[in-house]
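Peer 1: Respectively, the protein sequence lines represent chains A and B. Residue 504 in my numbering sits at position 14 of the first sequence; the count goes up by one each step and never skips. Residue 672 in my numbering sits at position 182 of the second sequence; the count goes up by one each step and never skips.
The hints are simulated quantities; they were obtained by calculation from the structure and are not laboratory data. For clarity, every value in this text was computed on a predicted model and none was experimentally measured. A hint or two may mislead.
[As the list claims (entries may be wrong)] Pairs of lysine-lysine, BS3-like flavour, derived with a Cα cap of 27 Å:
#, chain 1, residue 1, chain 2, residue 2
1, B, Lys-528, A, Lys-689
2, A, Lys-689, A, Lys-672
3, B, Lys-614, B, Lys-679
4, A, Lys-614, B, Lys-689
5, B, Lys-672, B, Lys-528
6, B, Lys-528, B, Lys-716
Chain residues, written in single-letter form:
There are 2 protein chains.
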Amino acid sequence: MSAGTIHGVGLGPGDPELMSVRADRLVRSATHVAYFRKAGRPGRARAIVEGMLAPDAIEIAMEYPVTTEIPLDDPAYADCLSGFYADVSGRLRALAEGGADVVVLCEGDPFFYGSFMHLHVRLKDHVPIRVVPAITGMSAAWTATGMPVTWGDDVLCVLMGTAPEAELARHMADADALVVMKVGRNLPKVRAALDAAGKLDRAWLVECASMDEERVIPLAQAGDRKAPYFSIVLVHGRGRRP
Amino acid sequence: MSAGTIHGVGLGPGDPELMSVRADRLVRSATHVAYFRKAGRPGRARAIVEGMLAPDAIEIAMEYPVTTEIPLDDPAYADCLSGFYADVSGRLRALAEGGADVVVLCEGDPFFYGSFMHLHVRLKDHVPIRVVPAITGMSAAWTATGMPVTWGDDVLCVLMGTAPEAELARHMADADALVVMKVGRNLPKVRAALDAAGKLDRAWLVECASMDEERVIPLAQAGDRKAPYFSIVLVHGRGRRP
C-alpha cells in the first residue's frame with residue numbers, strides 16, 4: 491500500500507469565500523481532517539470550514555496542552571509544546587503510512603508564522619507532504635482599512651507583538667509600512683513602540699479582518715481596548731504614486 | 491439608474507486554482523472585465539483567467555504607455571503614467587456611472603504593490619469600489635521553497651529590488667527573514683546587497699511561483715541568469731521552533 495499525503499491547507503483569514511479554489515476542493519473531498527484547537531474550544535480553523543466537510547469525514551482534533559498559561563520564554567513552554575507536536579505528528583504520520591490522505595486545516599498561510607510548520611518539520615522526511623498557500627490575515631487587514639499598504643519602493647516590515655519593545659520601536663522607525671501581528675495582550679507595548687517611532691498617529695487596529703466581527707479603529711482612539719490575540723496593527727506606506 | 495461597482499479582484503500568484511472562491515465567482519459572472527497589459531502582449535492577469543470569462547463578457551484592455559523604457563526616477567515617467575491612470579480611471583468611472591459592474595483583474599493582492607491602487611485612489615470618492623484580497627506572489631514563492639519563511643518572533647522585511655543598494659543592504663542586515671520583489675534587471679544589485687549583509691548563502695531565487703515554469707534556485711548558484719521581473723528573492727527566518 492502506498493503512503494497517503496499530508497496536505498497543509500491554508501484557509502485564509504476567516505471568510506470561507508476567501509479560501510482558494512484548491513483549498514475549497516481539498517476540504518470538501520477530505521476523508522481525514524486534522525486541526526489545532528485550544529482544549530474545550532471548537533477551534534478557529536474548524537469553524538471556518540463549518541458545513542463544508544463530508545458527512546463521513548474523520549476529524550482529528552489536536553488540542554494544545556498550553557497556550558498562554560506559561561510565558562513564551564520559559565523553557566517549560568518549549569518542552570511542553572515540543573512533546574505535543576511530536577505526539578500529533580506521530581498520529582498523522584501513522585495515518586499517512588496507513589494510506590490515508592490527511593487535510594490539516596491551517597488558519598492564514600501555513601508557512602507564514604503558522605502552527606502547521608511544527609508538524610511539517612517533523613513529517614517532511616517521512617511521508618509525502620504538500621502545502622497550499624493562502625490569503626494572509628494581514629492582506630485581509632489592509633483590505634479592511636480601504637487603503638493600499640505599500641506603494642512604489644516602500645519597505646514593509648512585519649513584526650510580532652511578542653517581541654521586546656525596543657526592538658519593535660527600532661524596526662518601526664526604519665520601515666515605511668508596518669504590520670504587527672500577535673497583538674492581543676501586547677497592545678500597550680505595541681502602542682508605546684509606535685509612539686516612540688513617531689508613527690502612532692498613522693496606526694490602525696484591525697480586529698477579525700474579513701469576518702462578521704471585523705473592526706477597524708485608529709489605534710490612538712482604541713483606549714484600553716482588549717484586542718483579540720489575532721488582531722493586527724497596521725501603518726500604511728506613503729511611497730511613490732504617479 | 492444606480493451606479494455599478496468597480497471590483498478590484500486579486501487573482502493571486504498565477505495558478506488559477508489559487509484564486510479565492512470569491513474571485514473565481516466574480517470573474518466567471520463578470521459582464522465587464524478590465525486588465526492592465528503591456529502593449530502588444532496578451533497580459534499576465536488576463537492569461538490567468540483564460541477560459542473562465544463568459545462568452546459575451548466585454549473586455550477592457552488598459553495598455554501601459556511605458557514600462558521600462560523610461561527610468562523610474564525620470565519625472566517624465568511619472569507624468570506619462572499619471573495621465574494614463576487618469577484616462578483609464580475615467581473610462582471605468584463612466585462604465586460604473588452607466589450602471590455596469592466592472593471586474594478589474596489584478597495579479598497578486600490588489601493593495602500590496604498593485605497597479606490597481608492607482609485606479610483605486612482616483613475612483614474611490616466617485617463610484618462604489620470593492621477589493622478582494624488574494625494570495626501574494628511571495629506566499630507562493632516561500633511555499634515553492636518547501637520551507638516556512640518565518641518562525642516565532644522573526645522579523646520579516648519586504649523590499650523592492652528597485653531601491654538603492656545601500657538601503658537594501660541595511661534592511662537585509664537588520665531583519666530575520668527577507669522577501670525581495672521586482673528583482674528582474676536588479677538581480678546583480680540584490681545579490682551584492684545580500685552579500686554585504688552576510689546573507690547571500692541563505693538566499694533563494696524563485697521564478698514564476700505556482701506556475702508551470704516555477705523554478706527555485708539557490709541565489710549563489712544563479713550566475714548571470716536573466717531573472718523575470720516578477721522573480722522573488724527569499725531568505726528564510728530561523729526563529730523559535732519548539
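Peer 1: It remains to establish, for every hint, whether it holds in the given structure.
Peer 2: Against the structure, the hints come out as follows:
With a C-alpha separation of about 37 Å, the suggested pair Lys-528(B) and Lys-689(A) falls outside the 27 Å cut-off, and the hint is violated. As the CA atoms of Lys-689(A) and Lys-672(A) are separated by approximately 19 Å, the hinted pair is consistent with the 27 Å bound. Restraint check: the Cα-Cα separation between Lys-614(B) and Lys-679(B) comes to about 37 Å, which exceeds 27 Å; the hinted pair is violated. For the proposed pair Lys-614(A) and Lys-689(B), the alpha carbon gap of about 25 Å is at most 27 Å, so the pair holds.
A threshold of 27 Å between alpha carbons decides the hint, and for Lys-672(B) with Lys-528(B) the separation of about 16 Å falls inside it, so the pair holds. Among the hinted pairs, Lys-528(B) with Lys-716(B) is consistent with the structure: their alpha-carbon atoms are about 19 Å apart, no more than 27 Å.
Consistency note: the structure conflicts with the earlier hints numbered 1 and 3.
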